[in-house]
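Number of protein chains: 2
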Amino acid sequence: MVKIIPTVEKMQEHAESLRGDGWRIACVPTMGFLHDGHLSLMRIAKRRADVLVVSVFVNPAQFGPEEDFETYPRNLERDLELCAKEDVDIVFTPKTGALYSDDYQSYVKLEHLPHHLCGLSRPVFFTGVATVVCKLFNIVRPHIAVFGEKDYQQLLVIRRMVQDLNFNTEIIGAPIVREKDGLAMSSRNAYLTPDQRPAALTLYRSLVQARKRVETGERDAARILKEVRDLITAQPETDIDYLSICDPETLIDVERIDRPALMALAVKVGKTRLIDNTILPVSSPGSRSV
Amino acid sequence: MVKIIPTVEKMQEHAESLRGDGWRIACVPTMGFLHDGHLSLMRIAKRRADVLVVSVFVNPAQFGPEEDFETYPRNLERDLELCAKEDVDIVFTPKTGALYSDDYQSYVKLEHLPHHLCGLSRPVFFTGVATVVCKLFNIVRPHIAVFGEKDYQQLLVIRRMVQDLNFNTEIIGAPIVREKDGLAMSSRNAYLTPDQRPAALTLYRSLVQARKRVETGERDAARILKEVRDLITAQPETDIDYLSICDPETLIDVERIDRPALMALAVKVGKTRLIDNTILPVSSPGSRSV
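The listed protein sequences correspond, in order, to chains A and B. If you're matching positions, the first sequence starts at 1 in my numbering and goes up one per residue. If you're matching positions, the second sequence starts at 1 in my numbering and goes up one per residue.
If we strip away everything but chain A, and leave its shape as in the complex, we get (with noise of 0.2 Å):
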């Protein structure tokens, strides 16, 4: 039986008794309106713990003033049953109201890594979701947290902030998961109609040919990104909010491809803003074969 916790009090304390006892917590934040993606994440986190806690909050935080916090697709109900269905042990689901009160003011913000690819567009996104993470860990208190690399940024700043700020969780990334014909899967793509979807799926292919061209020998960024420009801009109703090679760790851009390094994009389709990425691998001269 999964049980609901609605109040920061009651899941501090629950989570505080489980480590006293000493059970190992997997924490799974989300937004909720979970899909496959998030289902991954909470199969993976709990075969890491004991007990399995997934939070469905729609953080106003890391949405702009311009951006879709009232609309975000939301269904609680459809929720539960598929946290009950994944064997979820408590389902964390606090009011809006109990995480940020009236007079709420302190802010977890990195100096670096959101100057790159998402957070240029979305200046207040990063410090939300450092901030929403470090709130849901002190409630939580969990060993382990599972993020996807969907959101790969957003990984790489919970690392770095939980790195940072000392935390004592463990944090584990998910590969992507994807509809049958390649779109990464997001909460999102609930908005789309399916006469967009041929160019949402321009994102997926985009990756799959920088990969290609990579494996057969190019090493020039700049022409990839050429290319996979032609491609998206091809689609109607595409708008590029920014496509990048870049260092997997620091995010800034590269021009030769002599390591792995990540291709990131962020393109609208219509009104929704969808992302994806992907390392490109280079093999190493050792590893090449004669």
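Hints should not be assumed to be uniformly reliable.
[Unchecked claim] Below 25 Å or equal to it, Euclidean Cα-Cα: the simulated DSS-like pairs (lysine-lysine) are:
{"hint": "1", "chain 1": "B", "residue 1": "Lys109", "chain 2": "A", "residue 2": "Lys95"}
{"hint": "2", "chain 1": "B", "residue 1": "Lys271", "chain 2": "A", "residue 2": "Lys109"}
{"hint": "3", "chain 1": "A", "residue 1": "Lys109", "chain 2": "B", "residue 2": "Lys95"}
[Claimed, not checked] Just some of the chain A residues that point at chain B, by a computed CB distance under 7 Å:
{"hint": "4", "residue": "Tyr104"}
{"hint": "5", "residue": "Tyr107"}
{"hint": "6", "residue": "Lys109"}
{"hint": "7", "residue": "Glu111"}
{"hint": "8", "residue": "His112"}
{"hint": "9", "residue": "Lys135"}
{"hint": "10", "residue": "Phe167"}
{"hint": "11", "residue": "Thr169"}
{"hint": "12", "residue": "Glu170"}
{"hint": "13", "residue": "Ile171"}
{"hint": "14", "residue": "Ile172"}
[Stated by the list, open to error] Which residues of chain A face chain B? A few of them, derived with a C-beta cut under 7 Å, are:
{"hint": "15", "residue": "Leu39"}
{"hint": "16", "residue": "Ser40"}
{"hint": "17", "residue": "Met161"}
{"hint": "18", "residue": "Asp164"}
{"hint": "19", "residue": "Leu165"}
{"hint": "20", "residue": "Ser187"}
{"hint": "21", "residue": "Asn189"}
{"hint": "22", "residue": "Tyr191"}
Hint data in this document are derived by calculation from the structure and do not stem from the laboratory. The beta-carbon is built from N, C-alpha and C at its ideal position, and this holds for glycine as well.
Position chain B relative to chain A; hints supplied.
Same frame as chain A, but now just chain B:
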């Protein structure tokens, strides 16, 4: 026997193990060069917990580039002796690089409280304080932590941060400890020459005078501040940073003292910046004798 723990990993491991065994941990974060003010915090902490952890760490993040990080007084040997006398259980003495790696980038920032009093002339101070306390709490995992009311604004910032970020730690404020002549205890008092002592004492005398004025019916903050300003500027080598009568929760200046107000001041005596404060009590109409 006082146990010295010099590494983050060992401290965190030890704290987790203590908590797991059901011990109640108190933390007194200090920058060392301990004086009777610190000792009073330790005694308060000791009474309310099973294990007392005192951290000794001069936190670079709370010093501005023009401030005295390099020359801040240090004497670990003496600090350890004092801790041993006070029956401190653990002294946590991390190296600077262990808490702030070369690529460190995560900070806890408050939006409102730092924009008053000390925060105006020390723009990085409260970010540094909130950040290091967040880190120390994640390492020491205290049930309670004790801070002196001499650093009144710091105490407010920490209380707010703890509440906002959902730390499960009770924050206790401890009364200001004064030298026999009234000067508030501070590690920086070591900088004062005997000649500067009378000037330094005007901080305390100002507070005493302000309290008397309020007790005898004065309600006009500006009038009291004017008198205090005259008192301080009459002393040689004094340079007022701020004098304020303000709301004890928001730190916003008040014009009329109709409710208990905070009187806070920061004054440079020679090169030494000193702070002090008191609550100006206002007897409520109900409690007034007829």
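Hint-by-hint comparison with the structure:
Of the pairs offered as hints, the one joining B/Lys109 and A/Lys95 holds, with about 23 Å between alpha carbons and a cut-off of 25 Å not exceeded. Among the hinted pairs, B/Lys271 with A/Lys109 is inconsistent with the structure: their alpha-carbon atoms are about 33 Å apart, more than 25 Å. Among the hinted pairs, A/Lys109 with B/Lys95 is consistent with the structure: their alpha-carbon atoms are about 23 Å apart, no more than 25 Å. The criterion of a C-beta within 7 Å of any C-beta in chain B is met by A/Tyr104, whose closest approach is roughly 6 Å, and the hint holds.
With its C-beta approaching chain B no nearer than about 6 Å, A/Tyr107 sits inside the 7 Å limit, and its interface hint holds. For the restraint placing A/Lys109 at the interface with chain B, the shortest Cβ-Cβ distance is roughly 5 Å, inside the 7 Å limit, so the hint holds. The restraint placing A/Glu111 at the interface with chain B holds, with a minimum CB-CB distance near 4 Å, inside the 7 Å limit. Checking A/His112 against chain B: minimum C-beta separation of about 5 Å stays under 7 Å; hint holds.
Proximity of A/Lys135 to chain B holds as hinted, the smallest CB-CB distance being about 5 Å (cut-off 7 Å). Proximity of A/Phe167 to chain B holds as hinted, the smallest CB-CB distance being about 5 Å (cut-off 7 Å). Hint status for A/Thr169: violated, given a least beta-carbon distance of 9 Å to chain B, over 7 Å. Here the hint on A/Glu170 is broken, as its CB sits about 13 Å from the closest CB of chain B, past 7 Å.
Restraint check, A/Ile171 versus chain B: the minimum CB separation of about 14 Å is more than 7 Å; hint violated. Annotation: interface hint on A/Ile172 violated; nearest CB of chain B at approximately 19 Å, more than 7 Å. Taking 7 Å as the C-beta cut-off, the interface hint given for A/Leu39 is violated, the closest approach to chain B being about 27 Å. Taken as an interface hint, A/Ser40 does not check out: its beta carbon lies about 28 Å from the nearest beta carbon of chain B, beyond 7 Å.
The beta carbon of A/Met161 comes within 5 Å of a beta carbon in chain B, closer than 7 Å, and the hint placing it at the interface holds. A hinted interface residue such as A/Asp164 counts as satisfied when its beta carbon comes closer than 7 Å to some beta carbon of chain B; here the least separation is about 4 Å, so the hint holds. Residue-level restraint check for A/Leu165 holds (minimum Cβ-Cβ distance to chain B is 6 Å; threshold 7 Å). Interface restraint check: A/Ser187 against chain B, minimum CB-CB distance 25 Å, threshold 7 Å, status violated.
Using the Cβ-Cβ criterion of 7 Å, the hint placing A/Asn189 at the interface with chain B is not satisfied: the shortest such distance is roughly 31 Å. Using the Cβ-Cβ criterion of 7 Å, the hint placing A/Tyr191 at the interface with chain B is not satisfied: the shortest such distance is roughly 32 Å.
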